[in-house]
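Residue numbers (the UniProt record's numbering), protein chains in the order written: chain A, 1 to 331; chain B, 1 to 331; chain C, 1 to 327; chain D, 1 to 327.
Treat the hints with caution; some may be incorrect.
Unchecked claim - Some, not all, of what chain C presents toward chain D, calculated at C-beta under 10 Å:
1. Gly49
2. Arg52
3. Ile95
4. Asn107
5. Phe137
6. Pro185
7. Gln219
8. Met311
9. Asn313
10. Ala325
To be verified - Distance ranges between label pairs, derived from CB positions:
11. B:Lys114 <-> A:Gly236: 51 to 61 Å
12. A:Lys231 <-> C:Asp187: 44 to 54 Å
13. D:Asp186 <-> B:Glu330: 26 to 36 Å
14. C:Glu323 <-> B:Glu31: 25 to 35 Å
15. A:Glu313 <-> D:Gly194: 49 to 59 Å
Source of the hints: derived by calculation from the structure; they are not laboratory data.
Glycine residues also receive a C-beta, built at the ideal position from the N, C-alpha and C atoms.
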Amino acid sequence: MSKLRHHQLGLTDDDVIAMYETMLLARMIDERMWLLNRAGKIPFVISCQGQEAAQVGAAMALDKDKDYVLPYYRDMGVVLHFGMTAKDLLLSGFAKAEDPNSGGRQMPGHFGQKKNRIVTGSSPVTTQVPHAVGFGLAAKMKRQDFIAFTTFGEGSSNQGDFHEGINFASVHDLPVIFMCENNKYAISVPLEKQLNCQHVSDRAAAYGIHGETVDGNDPLAVYEAVSKARKRAVNGEGPSLIETVSYRLTPHSSDDDDSTYRAKEEVEEAKKLDPIHTFEEYLHGAGLLSHEGKEEIRSKLRNIIDDATDYAEKAPYAEPETALKYVYGEE
Amino acid sequence: MSKLRHHQLGLTDDDVIAMYETMLLARMIDERMWLLNRAGKIPFVISCQGQEAAQVGAAMALDKDKDYVLPYYRDMGVVLHFGMTAKDLLLSGFAKAEDPNSGGRQMPGHFGQKKNRIVTGSSPVTTQVPHAVGFGLAAKMKRQDFIAFTTFGEGSSNQGDFHEGINFASVHDLPVIFMCENNKYAISVPLEKQLNCQHVSDRAAAYGIHGETVDGNDPLAVYEAVSKARKRAVNGEGPSLIETVSYRLTPHSSDDDDSTYRAKEEVEEAKKLDPIHTFEEYLHGAGLLSHEGKEEIRSKLRNIIDDATDYAEKAPYAEPETALKYVYGEE
Amino acid sequence: MPKISYIEAVTSAIREEMARDENVFVLGEDVGKRGGVFRATNGLYEQFGEERVIDTPLAESAIAGVGIGAAMYGMRPIAEIQFADFIMPAVNQIISEAAKIRYRSNNDWQCPLTIRAPYGGGIHGALYHSQSIEAIFANVPGLKIVMPSTPYDVKGLLKSAIRSNDPVLFFEHKRAYRLIKGEVPDDEYTLPLGKADVKREGEDITVITYGMCVHFAMQAAENLAKEGYDAHILDLRTVYPLDKEAIVEAAKKTGKVLLITEDNKEGSIISEVAAIIAENCLFDLDAPIKRLAGPDVPAMPYAPTMEKYFMVNPDKVEAAMKELADF
Amino acid sequence: MPKISYIEAVTSAIREEMARDENVFVLGEDVGKRGGVFRATNGLYEQFGEERVIDTPLAESAIAGVGIGAAMYGMRPIAEIQFADFIMPAVNQIISEAAKIRYRSNNDWQCPLTIRAPYGGGIHGALYHSQSIEAIFANVPGLKIVMPSTPYDVKGLLKSAIRSNDPVLFFEHKRAYRLIKGEVPDDEYTLPLGKADVKREGEDITVITYGMCVHFAMQAAENLAKEGYDAHILDLRTVYPLDKEAIVEAAKKTGKVLLITEDNKEGSIISEVAAIIAENCLFDLDAPIKRLAGPDVPAMPYAPTMEKYFMVNPDKVEAAMKELADF
Ligand SMILES: Cc1ncc(C[n+]2csc(CCOP(=O)(O)OP(=O)(O)O)c2C)c(N)n1
Ligand SMILES: Cc1ncc(C[n+]2csc(CCOP(=O)(O)OP(=O)(O)O)c2C)c(N)n1
Ligand SMILES: [Mg+2]
Ligand SMILES: [Mg+2]
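Just need the whole structure built from these sequences, with the hints factored in.
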């Protein structure tokens, strides 16, 4: 049997190349958003940078034709794997009518697309946790074999909804995966001012469920943990709490200035573990990605993003008075 | 050194007799309240029965001249030790103007008395948990050596405020004791439908704090656990989560009929561990309480309660229009 | 037509909807074996089993939030909040989530969730078991708030709430549960959400109210009829969004309007009713708009003296109606 | 007098109160090193240290609840909620606890807590960073809600809020933070809570409003003055409980009343203002009460087209004022 880690996990070479491409696409869209923001073309960006491995590793461990995902605002990697396109995301960035997430009603990062089972999200953090439990409950009641997957930051794991939601799922053994993307900061507040346990996953003990902390810069480690959690979930063994540890490589959002609360050196140090690069090295070492191959992928993705940007920039806004629509369902 | 457990804990013979008397007083007031309710004289009772050992054992481990207590509705044993009298409690039962808790504004069980550092409570469960943390924060900021002690049921440990409050205290190492009086039911809902961990105290791991489960029918065990927790708290070692396990010997309240959801046999079985009796046996075994001594104490307490009942029954209600008072402070 | 109690109307509406649609289920505290602390879900656990009548952990934000998730999937959860006063921990889920799901997703997702809760005073419930809490939600587009007064309305409106594709807050007056009885047809029926109902036709003064106060007003109207005053009584039934047309029509009909709520006065449902009238038919009025409500104190005290002082009751209603009629 | 910005007035009120009373402290998300996401607590961490400018965990119910506990002890906490939209998880602590502590303890305990939060739209904040949420709390006796429009009012009222022995919700318009500048005396002063303020004397029409809309109305009034219309403008400042006397006086003054809020219309603060007028001075009115507000949709969209459509702005205000004047 191959010694390559991804083979041992049952992933083909194509799989890991796809994994890499999705990670890279997320990164490159994110970078484009910042450029557009700094050029004054879009008012707001909130980034996935540094968390792509956790997001794509996890998403690939799910069944994207069955499972429901309830992502948080950084999860571009998750929604890309679940079928959202660069065009969709740029339309959202530009707040255009055709944006499938919200028709330009919500800020970027507020994902939602029913046809891909991406459940609509909001700004107040952690509200999606009980929602995921509701999807898990529906799976159990309707005897369906899908699971619900939801994510949130480590700061958000201090909200009451984290506790109430996971507790409910644990009592009823519901098929839900709770994944905390620990990026060490909640805006300016560092981990040690948010919580006093060593790992966010230590909190699993409060619910008698499986808890596990993995390297969030390693998509294969995340893939493995989430695969196993999914297996447990569909087997009726209940929910899991998985923590992925990485680092937020950008300021909190385009409105933030992180130099007021963290040292440049700390960020530089973290960049050495940037999952895009470390995973590139893995693929290179495995003989799957040459320098030229990398450039080819990048230029392919760049074209996709260019087209998406063009399209989205030219697309129309929703008409003003459509703001009145969809308060209630049409009877 | 004496082999008697209470001596080993540093409690004198007088201390444990006082402990017993307070437990018994709580029990006998509670029984009186039920009689008054069934006679149509007071509209509502919520009981301490079965939890007196936990309450009095804990309260005696505190400094009643310094510490602040934030009790929940069953904590008659706590407030009695902190200085509330039988008369005060009967005034509250009858909803009379002189009731120090609320002047007859709140139901019985909604304790509060500033002069005794009993912090006013409400009906929505678990809201007192963050309040206790606020007292702990004040202690730290003002460099005072008091601690805050708060209690709640095991069902209430599933509220968001439990999580948010304890987490805050743990991050700031605040002098707070969180005590869960696990009586196996939340109204009709049994423990296993409330939570999935073995002990409520397992939840301490989520906050990196000391957690401990003790026999709630044994006042000495509770005394010991709370004494140690208090020591840690004043030494800056942060909060503790203590669980006392006992059983709710009465229906949830005077409005409840527990025969719809639990078997008589289960209740009868639990009565064998009734802390009033088991502690009597301990004191008897220690040569501190004879049969006559017991009867003497009972008749003393009965007189106190009779007087309190008489007084409270005759006391006036608040005037109707005083309902308008104290919405805001007088400027 | 058989006469049933207000709470029986609740139970039978839920039972029939559960039988009709397997996606309907109940979740809340003590709703299972215990059948609810008021016994509104009595018998449902036995009939439909513990999977469809779920005793939840004691956590209202989860009750609402899990309900929202299940509703987005396509279920039709009926969440019970044990007392309306205890809906507060769920406010974020209700206002930030349930109310905004359709709008924020540009009609992609919806949230067909019904949240039931007993509210209201006069049962020695003291500060935290007596409150009217509808005003908190009555500024939140995306929600509908139903507060029926009769068994007939309860049954027809609760069925519509359960079938609605939007979140509905359904507040039941706990004192009405066993006190109020009324005729309810055996045959299946529903009533439209968002429509007020004229409970009494009259020519002299208009009373607009909802919940238990409808009964107080009806009682007072009968007494006043003997004295020759003829009251027109509009039952709002849905208190948000309000039935503006019905309000304007009722106000115009007599030109003298009394608005009643048992909630605190300032910022209540009847404030908006007054505003609608002042905006739309000011010149049709022959008297200032009169409001009868609870005083602006935090909530109703426990002691009977103060509770009675707080509560709207038939005497206070009759006096206010008479004063207005004599204006 | 020096001119400072609205947000500088916030910061300097807090700084002066912290210097004056060691029991005053700040807690909230990112209020410390970061000085707040809007920088309202800028420099306080450096000046007073991390014990008195506390970065809390991300949990609003704890921010309010811990603040309440500390306040009951005798501290004077100033809790910051990062955006008013995110106050929802703290509603139970605010409504069930802070508001009722004095009343339920029969005046034995009190809760001198100030909760500050930026609210309001027009900054591309979309559904969850733009809302006006005051109406949720404007039916809760025991609370006071302050929503100032000018730096002068901000400073004087925030100081009074901090010194108040009751809980105060202090909502700051986030668009005003840097946009609105005004004169503020160097000398210490406070302003009374609960009092509205006439911002412009006039004879033809009365405008009653608060927050950013005060500035829209002032601007429109200047334009209309050139056309010969003279507007009287009342700034509510405290929106709960309302200053009834000032409202009635202002309404009577011209007999034509325009009420403005940027909140959704139904169930808003101006509904109660309309009700007060309809109850107390109906016969002094020469025109129906007119309300200008946001539409009844869940909240303000992100796309500039829809955001603009939603928002009250100087043009809409001027048109409404003119229409009323011409009635
Ligand atoms: C209930 C609530 N409070 C405050 C905010 C403002 N806010 C947005 S993101 C954020 C920090 C989140 O930190 P974390 O959960 O660690 O996620 P991260 O952004 O680091 O990925 C805060 C405070 C919010 N969105 N919702
Ligand atoms: C927020 C809230 N929800 C519901 C209730 C109604 N209620 C009162 S006591 C209770 C059960 C409490 O159970 P537990 O915490 O175990 O305490 P116990 O009564 O068993 O001592 C419930 C559901 C409440 N008071 N507050
Ligand atoms: Mg983070
Ligand atoms: Mg219990």
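- prompt: Out of the numbered hints, which ones does the structure contradict?
  reply: Hints 1, 2, 4, 6, 7, 8, 9, 10 and 14 not satisfied by this model.
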